[in-house]
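Could you build all of it, start to finish, from the sequences and the hints given here?
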Amino acid sequence: MSAQTPSAPGIATAEAAAYARFDTVTSRWGRITMLSGLILSLSGPLYLVLGTDLDVTWSELLTGFAAVAAVFGVIWVVEVITYYPVLGPAATYQAFMIGNIANKLLPSAIVAQATIGAKPGTRRAELAAVMAICGAAIVHILSLLIFVGFLGTWLLSIMPESVTDVARLYIFPAIIGAVIVQLAMYVRSVRILLVALGVAVLVQIVLVPQLGTTFKNFATAIVVLLTMTLAWFLRDRSATHDDALPTAHPPQES
Amino acid sequence: MGDLASYANSLVLWAIALGVFAVIILQSIIYMRAAAEAGPDLGFTRQDLRASLRSGGVAAIGPSMAVVIVAIALLALFGTPAVLVRIGLVGSAATETSSANLAAGTMGAELGGSGWTPEVFTVAFFAMAFSGGMWMVSALILTPLLKRGDSHLRNVNPALMAVVPSAALLGAFASLGVAELPKSSLNVVAVLVSAAIMGLCLALAKALRADWLKEWGLGFAILGALVVAYMVHHGTGLGPV
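So the sequence lines, in the order shown, correspond to chains C and P. Be aware that the first sequence starts at 0, since it is given in numbering that gives the first Met the number 0, and climbs by one per residue. Be aware that the second sequence starts at 0, since it is given in numbering that gives the first Met the number 0, and climbs by one per residue.
In short, the hints are calculated from the structure, not lab data. Just so you know, not all the hints are guaranteed correct.
[Stated by the list, open to error] Beta-carbon label-pair distances, calculated as ranges:
id : chain 1 : residue 1 : chain 2 : residue 2 : range
1  : C       : D54       : P       : K146      : 42 to 48 Å
2  : P       : A14       : C       : Q209      : 43 to 49 Å
3  : P       : I60       : C       : A19       : 30 to 36 Å
4  : C       : G197      : P       : R53       : 23 to 29 Å
5  : P       : V226      : C       : G120      : 25 to 31 Å
[As the list claims (entries may be wrong)] No more than 30 Å apart at the CA atoms, straight line, and that leaves these computed lysine-lysine pairs for BS3-like:
id : chain 1 : residue 1 : chain 2 : residue 2
6  : P       : K182      : C       : K215
7  : P       : K205      : C       : K118
8  : C       : K118      : P       : K146
Small disclaimer: the values here were computed from a predicted structure and weren't measured. By construction, the Cβ of each residue, glycine as well, lies at the ideal position given by its N, Cα and C atoms.
Written out as structure tokens, the structure is:
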């Protein structure tokens, strides 16, 4: 792992020691800060459940979570494994807390590495990526605070009710159409797209109206499971996937 | 809806959102200091450090503003603190609204519809936060294993890793998209307009070599679909209300 060259053992040792210190600090504090971020982000909904007069039962909360977990459970694990080789340990603790990895953090890291001429896979490149993500995080937090926190909240307060009503009602269809097209273009597999759409129509249009509420709650999870299984057995076996990681992964903005 | 807003924009939720911001800033400061300290021995000079920080920050301006547009469009639904944490940080518009949609569905409600009560919002917010939190749990558990070069994780069949995540995500979003269609003809219009604008943006991005259009595509698609929905909703009464 350490870039030891027989001709310069002294430099190599200093290098290894410096990297080890960096690794210790970023791993320890990366974990501590990520755990704090995790606890804080969970405490928001927990406050609404425990700290207010809202009447929500634990079984409602767990059913809601289960419906989501059944859909995204595979992605929780796969995404971390997929991005790790590009991000490295230090930046993994940054990226999965800051979010928007594929559409913001990775491009920033690559631009920074190109700017200082660092070759991918080297220590310089790893440090450049970490610094670039710090820069991206600062820009992102400032723009969120200013443009969403202050300006957005104000904009919403002067918006006529007729506009906010429509935004509330149709925001989901307005997002999902674009997301399907975007993802389909990244995945670049007509086969998987057709399987996904076919299974979705079968389950949501044909089966859901017949099979009742419990089935409806987990319909998307069933689509995910069927799509994964069918896409695997119907996959293009002639394709080689030697270079499939990590660039072939759909940059699903986490 | 004023009722929901008083919960969704409560002071405690604002404080928590700002707390998450503070944690990320703290993490960045610790990382910058660690890089500055170790850099010289690793061939990473002060100039490199400053150049990386600056170019990473500048490269993030476009994508950040694109996220801002999407986030503002979601403020009416989730309130500012939840949008800042769930959409702006940690999660993304696609996964978080999908989670909220799925969770609201288990309560027999639709996002933003007449059944979108403070209770349904709480269940949706809970599901978003705990599902989003699982990405962090996964990073906390897997990073030390991956660092050790765990052979089980390294040797996962590449074909499996190429097919399964793509299929899982396309399956999830295709299912949620198709589920919108029977709700009302205006939902169909919104899905189609959104898809068409994204298709146009991606085609133009390729033809004109304008990568920024890829980042802004989602923002344009949402705004375009909402404008059309507004005109049809108030013009023809096609919607469900």
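Structure-based check of all given hints:
1. C:D54 with P:K146: 42 to 48 Å: holds, 45 Å
2. P:A14 with C:Q209: 43 to 49 Å: Given range 43 to 49 Å: holds, Cβ gap about 47 Å.
3. P:I60 with C:A19: 30 to 36 Å: About 35 Å separates the Cβ atoms of I60 (chain P) and A19 (chain C), which means 30 to 36 Å holds.
4. C:G197 with P:R53: 23 to 29 Å: violated, 48 Å
5. P:V226 with C:G120: 25 to 31 Å: With a Cβ separation near 46 Å, V226 (chain P) and G120 (chain C) fall outside 25 to 31 Å, so the hint is violated.
6. P:K182 with C:K215: Roughly 14 Å separates the two Cα atoms, so the pair holds.
7. P:K205 with C:K118: holds, 27 Å
8. C:K118 with P:K146: holds, 20 Å
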